[in-house]
Each structure stands twice: as C-alpha cells, then as structure tokens.
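These protein sequence lines map, in sequence, to chains R and V. Under this note's numbering, the letters of the first sequence match residues 389 to 490, in that order. Under this note's numbering, the letters of the second sequence match residues 3 to 474, in that order.
In case anyone wonders, no lab produced these hints; they're calculated from the structure. Just so you know, not all the hints are guaranteed correct.
Stated by the list, open to error - In the BS3-like style, the derived pairs of lysine-lysine whose C-alpha atoms are separated by at most 27 Å in a straight line are:
(1) V/K387 with R/K419
(2) V/K306 with V/K441
(3) V/K387 with R/K461
(4) V/K229 with V/K85
(5) R/K405 with V/K281
(6) V/K221 with V/K457
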Amino acid sequence: MHAKKGDWVQIQQILLKPEERTAPLPEDTQKVPLMMRIKGFLINETAEIGQEVEIKTLTGRLVKGKLVAINPKYEHDFGEPVPELITVGLELRKILEGDNNV
Amino acid sequence: MSDLSYNAVMSRKNEIMKRAVGIDYEKFIISDIVFDYEKMMQEVGYSLEKVREIQQETGVGNTPLVELKQINRLIKKIAPKGKGARIFIKDEATNPSGSYKDRRASVSVYHAQKHGYKGVIAATSGNYGAAVASQAAKRGLKCIIVQECYDSKWIGQPEILEKARACEAYGAEVVQLTVGPELFYYTLVLLEKTGFFNASLYTPYAIAGVETLGYEIAKQTKELVGKYPDAVVITHAGGGILTGTARGLKKAGAVETQVVAASVNLKGLHMASDNDFNKKYFTTGHTGFGLPFATFPDRSDVPKNAARALRYMDKYLLVSQGEVFYITEMLAQLEGMQRGPAGNTSLAAAFALALEMDEDKVIVVNETEYTGAGKLPSAQLTFAKKMGMEIKRGDPINEDLPGKRIVIPEHPSQIGYIELNMDNVRKSYVKEVMKRYNKRKFSDEEIKFMAEDTKTTEEKIMQIVKDLLGGE
Chain R
389 MHAKKGDWVQ IQQILLKPEE RTAPLPEDTQ KVPLMMRIKG FLINETAEIG QEVEIKTLTG
449 RLVKGKLVAI NPKYEHDFGE PVPELITVGL ELRKILEGDN NV
Chain V
3 MSDLSYNAVM SRKNEIMKRA VGIDYEKFII SDIVFDYEKM MQEVGYSLEK VREIQQETGV
63 GNTPLVELKQ INRLIKKIAP KGKGARIFIK DEATNPSGSY KDRRASVSVY HAQKHGYKGV
123 IAATSGNYGA AVASQAAKRG LKCIIVQECY DSKWIGQPEI LEKARACEAY GAEVVQLTVG
183 PELFYYTLVL LEKTGFFNAS LYTPYAIAGV ETLGYEIAKQ TKELVGKYPD AVVITHAGGG
243 ILTGTARGLK KAGAVETQVV AASVNLKGLH MASDNDFNKK YFTTGHTGFG LPFATFPDRS
303 DVPKNAARAL RYMDKYLLVS QGEVFYITEM LAQLEGMQRG PAGNTSLAAA FALALEMDED
363 KVIVVNETEY TGAGKLPSAQ LTFAKKMGME IKRGDPINED LPGKRIVIPE HPSQIGYIEL
423 NMDNVRKSYV KEVMKRYNKR KFSDEEIKFM AEDTKTTEEK IMQIVKDLLG GE
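Between the sequences and the hints, there should be enough to build the whole structure, so can you do that?
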C-alpha cells in the first residue's frame, strides 16, 4: 500500500537510543529506545510503508520519520463481556429486593 | 539548531520553563526547601470569583451533586445497625470533555490566550489531555498533547488510546511516546520549538481551577442536606484534585470536612518500567503516582508545585483494582450512571467508609469521569486478560496481587480499604527532602515549612528528623 501527498498518515521516530537515555530508569526500560509516533499530512509525493517521509502535523510542524500507517484506524474497542462482572448487577438487585426481583 | 540531547535540553529547563509558564518562581522561593506557598497562590493564581467567571465562559463547572440513592439503600442493608453514611457524587462527567480536568485546564488556557500564546502544550496520558484540547478548541488556540502511550512493542492500553482519540477529536496534535520519564524531556523540546504555553498540571492556575469544585461541593451539600459534608473522598494521583478541592472547601467555609485521599494499590509495579506499564489498568489514581507526589511534590515539571496534597490530607486509603471495577459496575447497574473506573477509585473507598460511619454522616465523592470505548471495565479487563492477568471473583483485600491478579468481590460487604499511616507518609516526605537537598540540619523556618507542608506540628517534624538521623 502506498500513500500520496496530503494523505493523513502516522510516522514513527527514535527520540533517544538506549545509550542516550540518561534519566534514571529501571533496567527493562533502559534497554529499549524512547520512541515516538505522530500523525499528520504527508509532504512527499508518494511513499511506501517503512519509508522515511516528512509530514505536516495539526499544529503545522514539519516532522520526519518512518511511515507506519496510512489513515490510521482507532483500534481500541469496548472489549469482550467479562464473565466476572456480568452477574454483579443481578446479585446487587437481589440484595436490595430479595428474590422477588429476579 | 540547538543541541537536543537529553542532558543539553534538561540543562536549558529553567529558561524554557520561564518563557513557557510565565511565572517567576524566584519571587516566592526563600531557600532550597522554603517558599511562600500562599503568596504564590494569591499573586499568580486567580481569585475564586474570577475562576468561576472564566469557567462559565467555556461551560465548565456547576455540575450536579447527585445522591446515590440505590447504593445508599444497599449500604443501609449491609451496614451494622446505626451505621451506613449517605454518599453523594459530584458528576464531573458533565463537563465539556467529560471530567473535572476541564476545571484544571480552563484557567491555564484562558491565561495562555490572554498573554498572546499561539498554543498550549500538556504532557499527560489522562483525561487532562482531552480537557486541554477541548478548552484550546473553545479559545481558538493550537494544542499539542504529549502522551506516554505504548510499551516498547507498541502495545497500548485501551484507555490511553481512547484518550488519544478524544484529543484528536478536539483538534489537538497528539505526540505518542513509549514508556519513560523522558516524556518531560521531549515536552521541553516541543515547548522550546513552538513557543507555546506549558499548560502544566502543577501551576497555580491549574490548582485555582479546581478550587471551584470544592466550593461547589460545600455549597450544594449544604443546600441538599443542611450541612457541609462530613468527608470528601478524592482519587489521589498527582495531588492537584485533592489540593484544589480542599482549598475550595475551606474557601466556602467547610473547614471541618475531612479530606480523604484514595488510590489504587499497585505496590511493586514501577512507574517507569516498560514491562509493568501495561499491567496497570485505569492509568491514574494509583500509588505509583499518589505516594511519590504526596511525599515529594516538587518532582513535577515546574520549580514549585502548587499541588501539595499533604497540606490538606486527613486520611489516605488504598483500594484494589477489582474493587474499583466492581463499584463501577454497581454505579452503572444501580444508579444508571456509566462512568469511567479511574474516577471511581474514590467511590470504592467511600463505599467502604460509609459502611463504618454513622448513618447521619454525609460523604461526598468529588468526581466522576466520562466513559467510552477503551475506558469501560470490559475493555480494560479484556486487555488485562491479554496481558496475562488472572481475573477472578473472591476476596479483594486478601487475594489482590498487583500486576498478576485482579479480584472482583463476591459481595459488596467485601469492599474495604487499607489505611496508610499518615505519620509514615510524613516521614517519607522528610526523608525525600533530606535526600533531594542533601540536608541534615534544618533551620526553624525550614521545620515550620515542612510542618505546614505535611499538616502537622513543628514538634512532630523535629521528632521525625531526629528519628531519621538516629540510626547514623
């Protein structure tokens, strides 16, 4: 899939490599880079996923990075019904109203 | 181009901040430790009347105070005879972006606009981002929200991702980072590059914005039940909501009201750990923030933090994640109010408190927050299961295991709390001061300041200092 100029895209960039992270950190975090993802409008004429590109962000900043998504989707959702919670409402009403209500 | 390495940027912190916050903190600082807190709040902040005016302009505040009648009936059923206080909740989800954070953002964004800044920046993964974005939209300012959003495998909690979506919906640019305290470093980089205003959570503007919350609670409670609340229970993370609410209560005359902090116990999970990051559900109001900010407020992004929770805190209670999910379900099922779990941390603690307080007492829970995809218990528990957490029904107090197991109570009477010893919290405060400023001897003025800053006596502080030095 490729993107063209003006498309709404997401890029990614390394802000600090592991050896550049000098804040006090737990060991696991120290081993990995500090990364950033940001969205904006593609400046390049065309680009493929994985390519270094430039975007213009919503506040008008120009930022370079690796193209990771075109028209990135919001992927979080309402989750699955949770068995441990489904009966809670019934249980509470039973305490309030006795068996009459169930 | 200036040097963007971590150390170079951090060494420019003061000059960047001065321009981005517009406060000359030097004016209030007396020594390393001592500063004139009240003078800072008066000179830099806005009066309560002015804040109410500013908030009215953008539709913030004047939220309803709602009695939880069904839950109160439930409490009466299961509490011992003569016990079972009434709980009221301040429905802050009715603010424009859906949380009390609109109050905190409103004054900063007003101030930024008034002083000609073109935009505002805030570093936050919580509701505050949406609030700043919403207020910025209302005042025609640009907005950048910097979020700690993903672990190193680009896995993000649904709640934080929902907040990113909300910020984008309000037209903000969202900078999403992987785990690490360098969020603050990169915020400085952005402040320097853009010349935008730092809508920090910890300036006097942000805290003055919350005072209206305490003020409204005092007035509305008096109107509804004829007296000020006996206790107000407040979810505690960075300390701003507690500080602002308590100050507002006092300004309204509710000086006897107990101020109770509540956090989720996430003992053992490190705030800055890449591995632990996705094992903390509803991402705020837990001990990882609550304790460090209470015991060393000046760890924040401004030279002197206006959020100083220990100045106002009477009690500090811990609850578990399972209890908060359970009470969230209870609020939806019995009261018809679907609200996000983070804000319900205080409701879980209030429920436990109500069971043991006399039936003529009144407890106010000072906030709710909006919910939606990503913020619901179903979204968060589905994610928790994916991250390998065990979810079970059981006894939350004895079986809860932060980072490993979430225990949903089997009966409402199992909702309880763990109370922290306030003197131990004060001791941690003094210990931090000693460590951060490398101090072992204190002047009378410093002892007095530490006593005020932790709501205790000078004698108590001197005793703590003596105890801490005793072993050496």
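Would you pick out the hints that fail for this structure and give their numbers low to high?
Result: no hint breaks.
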